[in-house]
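> For reference, the chains in residue letters:
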Amino acid sequence: MNKPLNKMAVQATINGERTAFLCSPGQVLADVLRDELELIGTKIGCNTGDCGACSVLVDNRLVCACLVLAAEVEGKSVQTVEGIANGGELHPVQQKLLEHGGLQCGICTPGVVVAAKALLEHNPDPTEEQARYWLAGNLCRCTGYDKIIRAVLDAAKTMRGEAA
Amino acid sequence: MAVQEFLSPKSLSEAQAAFGEGAASSWLAGGTDLLVGIRLGARDPSRVVDLKQIPELTAIEIDDASVRIGAAASAFDVLHNSDVPSLLPGLAEALNLIGSTQITGRCSAGGNLCNASPAADSIPALIANGAQCRILGPEGERVLPVENFVVGPNQNALAPGELLVELILPKPVPGTSDAYLRLTPRTEMDIAVAGAGVSITLDSSGTCTAARVAIGAVAPTALLVEPAGEALVGSPLDQAAMDAAVAAVRAAAKPISDKRGPAQYRTHVVGILVSRAIANAQARIEEAR
Numbered sequence: 001m002n003k004p005l006n007k008m009a010v011q012a013t014i015n016g017e018r019t020a021f022l023c024s025p026g027q028v029l030a031d032v033l034r035d036e037l038e039l040i041g042t043k044i045g046c047n048t049g050d051c052g053a054c055s056v057l058v059d060n061r062l063v064c065a066c067l068v069l070a071a072e073v074e075g076k077s078v079q080t081v082e083g084i085a086n087g088g089e090l091h092p093v094q095q096k097l098l099e100h101g102g103l104q105c106g107i108c109t110p111g112v113v114v115a116a117k118a119l120l121e122h123n124p125d126p127t128e129e130q131a132r133y134w135l136a137g138n139l140c141r142c143t144g145y146d147k148i149i150r151a152v153l154d155a156a157k158t159m160r161g162e163a164a
Numbered sequence: 001m002a003v004q005e006f007l008s009p010k011s012l013s014e015a016q017a018a019f020g021e022g023a024a025s026s027w028l029a030g031g032t033d034l035l036v037g038i039r040l041g042a043r044d045p046s047r048v049v050d051l052k053q054i055p056e057l058t059a060i061e062i063d064d065a066s067v068r069i070g071a072a073a074s075a076f077d078v079l080h081n082s083d084v085p086s087l088l089p090g091l092a093e094a095l096n097l098i099g100s101t102q103i104t105g106r107c108s109a110g111g112n113l114c115n116a117s118p119a120a121d122s123i124p125a126l127i128a129n130g131a132q133c134r135i136l137g138p139e140g141e142r143v144l145p146v147e148n149f150v151v152g153p154n155q156n157a158l159a160p161g162e163l164l165v166e167l168i169l170p171k172p173v174p175g176t177s178d179a180y181l182r183l184t185p186r187t188e189m190d191i192a193v194a195g196a197g198v199s200i201t202l203d204s205s206g207t208c209t210a211a212r213v214a215i216g217a218v219a220p221t222a223l224l225v226e227p228a229g230e231a232l233v234g235s236p237l238d239q240a241a242m243d244a245a246v247a248a249v250r251a252a253a254k255p256i257s258d259k260r261g262p263a264q265y266r267t268h269v270v271g272i273l274v275s276r277a278i279a280n281a282q283a284r285i286e287e288a289r
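From first to last, the protein sequence lines stand for chains G and F.
Just so you know, the first sequence maps onto residues 1 to 164 in the numbering used here.
Just so you know, the second sequence maps onto residues 1 to 289 in the numbering used here.
In case anyone wonders, no lab produced these hints; they're calculated from the structure.
Check each hint, because a few of them may be wrong.
Only pairs whose alpha carbons sit at most 27 Å apart, straight line, appear in this in silico DSS-like list of lysine-lysine [unchecked claim]:
1. F:52 - G:76
2. G:76 - G:7
3. F:10 - G:76
4. G:7 - F:52
5. F:171 - F:259
Computed footprint of chain G on chain F, listed as stretches where at least three residues anywhere in the stretch have a Cβ under 8 Å from a Cβ of chain G [as the list claims (entries may be wrong)]:
6. 5-12
7. 40-52
8. 94-101
Predicted model, so just to flag it, every value in this text is computed and none were measured.
Glycine residues also receive a C-beta, built at the ideal position from the N, C-alpha and C atoms.
Kindly generate the complete structure, drawing on both the sequences and the hints.
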């Protein structure tokens, strides 16, 4: 396998910070985040867009970072799980996943956090069915999903200012 | 080999120049098929030409006569940032089924069509709605109906260097609606065992004045079943007309047997899907009145 020598220089805003990185023309965003930028919160499960572990937001759009070329994010804004909490304060989705025990091994969790945050920005008051469909691309092999869904719906309540 | 070059042209003419002779180049829309293909070794382009910086390729425009969907417009934008779902609810149903939220954020009707899977969800819905492909190539422009764009499993009609620019659908006239249904073993995240897209027009008395019926996953390509549409036209969509349409699609279906289902089952199921899709489209028309 020939490794291409021609690296591309890309500038993007990553978790709010102007960032420059070098990537190969065929390198996917998930690999650049983990290997070049040391943002290893983004996990790689299937590498074919099926499992959702590498979910990130690109210009606020939920995508699988394994199915985006790093060169495509030139000039764009990327948000990973590392950019979800506000300093030391967890995002309601993160807090409620902890409270409901919505994780076991934790591999799917960063993707779930990013996808659930995107859901609640798109739809602040989702039904359980809407939440389940939105998160259907985030596979979890531990929890059976129920606690994840409870946590997301509870986080939605918190974010709407309703008592839990 | 690996991808040696990534180019991001800003116009159609730049794109044509960037693509070059074409043998070693691939167009990139949402990448949900191309990047998986590269990963699995099925595709090996040395040059990838991204289409999403070209305004025509991501535009979604609706005027008095037509609905135009740029070939690289994401399904998410069609579903959530345009009026397409209210005009063409069946096409929206199909686009929403292509994949997860993450996939929908990237995948496009144009890419789903170019990938040309026999089980692609958007293709029967596009055919039912009479969509046309606007194609730009080194020799100029041409227009091809969607039902003639796919020529075999994972094979499309594009010549080297040609680009699918946009899909042009006639704007539905009053009394028209569409629907898409598919059968999958799971509720979500699955590939169709069979699929059915229909578009029908009813006059004020409920008589069908126009109908197009298309089926997917039951032949090497999605099929326009003209006899099924003809069986509906002139009828009040009564049992006799529905039975004739179902018989026509079952006669047209030429499925394979595979892990998703034996041919006989798929042939049976596609008839049921067509009759239910017709009923859904009919209900939508009545609801709008």
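> Determine which of the earlier numbered hints do not hold for this structure and return their numbers in increasing order.
Hint 5 alone not satisfied by this model.
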